[in-house]
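Student: Those protein sequence lines, which keep their order, are chains A and B. Residue numbers for the first sequence, in this note's numbering: 1 to 116. Residue numbers for the second sequence, in this note's numbering: 1001 to 1108.
Derived from the structure by calculation, the hints contain no laboratory data. Any given hint could be a false lead.
What the hints assert, rightly or not - The following residues of chain A were derived to be distant from chain B, with all beta-carbon distances above 12 Å:
| id | residue |
| --- | --- |
| 1 | V11 |
| 2 | C13 |
| 3 | L68 |
| 4 | V115 |
What the hints assert, rightly or not - Pair ranges (Cβ atoms, derived):
| id | chain 1 | residue 1 | chain 2 | residue 2 | range |
| --- | --- | --- | --- | --- | --- |
| 5 | A | S9 | B | L1080 | 19 to 25 Å |
| 6 | B | I1063 | A | S73 | 37 to 43 Å |
| 7 | A | R112 | B | E1058 | 38 to 44 Å |
Heads up, the beta-carbon is just placed ideally off N, CA and C, and yes, glycines get one too.
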Amino acid sequence: GAVVSQHPSRVICKSGTSVKIECRSLDFQATTMFWYRQFPKKSLMLMATSNEGSKATYEQGVEKDKFLINHASLTLSTLTVTSAHPEDSSFYICSAQGGGRNYGYTFGSGTRLTVV
Amino acid sequence: DAKTTQPPSMDCAEGRAANLPCNHSTISGNEYVYWYRQIHSQGPQYIIHGLKNNETNEMASLIITEDRKSSTLILPHATLRDTAVYYCIVRATDKLIFGTGTRLQVFP
């Protein structure tokens, strides 16, 4: 079946540094990928839609300069959290549309970001 | 996307059927109902989806009412590994918008 690999699974970084999270579709091509964040005991909140070869579309209230998204190929999207602060600590999850029998949405296993 | 309403939590005994309800009274004719679940600290896992007919796969059954205003996800024989948060999502566009879900606790 469709597999989405997300890396790293956990990362700890210092305030002010940037962190890059990768999302790869391993056995299918994904023209569209989605990035979510999730706080403890809360639901997933959609941050942005990433389209291959074009600029990402951000949801209202999400800072595009803070959360840089690049979707350079049909199998890879990256999310860079720039100048991270402790309030950016969260669980980040990507999803790729395409592949599989569910008419499209396969999720990565998530990245736990802790900013200290 | 149409909003969904789910009970915040449910319990189920191991081996029994778990029936998880979802209300989506404002659903439109072309909107699909999707069910995902999320086990603690993992990404969501697809379970099943449907438009208006009942659906069944190896994981679960999806029963959609004739007026499509509500649906029920059925796990026929719940196991401890089915303990998770279950999300009912109505999709019209490319985006999946998650609601608050139902936290299902399966107990021995």
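Student: All hints, please: hold or fail.
Tutor: Do the hints match the structure? See the list:
At roughly 14 Å, the least C-beta separation between V11/A and chain B is larger than 12 Å, which holds for a residue marked as non-interface. Remark: the non-interface label on C13/A is consistent with the geometry, its nearest Cβ contact in chain B lying 19 Å away (cut-off 12 Å). The non-interface label for L68/A is consistent with chain B: the shortest C-beta to C-beta separation is roughly 20 Å, beyond 12 Å. The claim that V115/A lies off the interface holds: its Cβ sits roughly 18 Å from the closest Cβ of chain B, which is beyond the 12 Å cut-off.
For S9/A and L1080/B, the Cβ-Cβ distance of about 24 Å falls inside the hinted range of 19 to 25 Å, so the restraint holds. For I1063/B and S73/A, the hinted distance range of 37 to 43 Å is satisfied, since their beta carbons lie about 40 Å from each other. Restraint check, R112/A to E1058/B: a C-beta distance of roughly 30 Å breaks the suggested window 38 to 44 Å.
Hint check: a violation occurs at hint 7 only; the rest are consistent with the structure.
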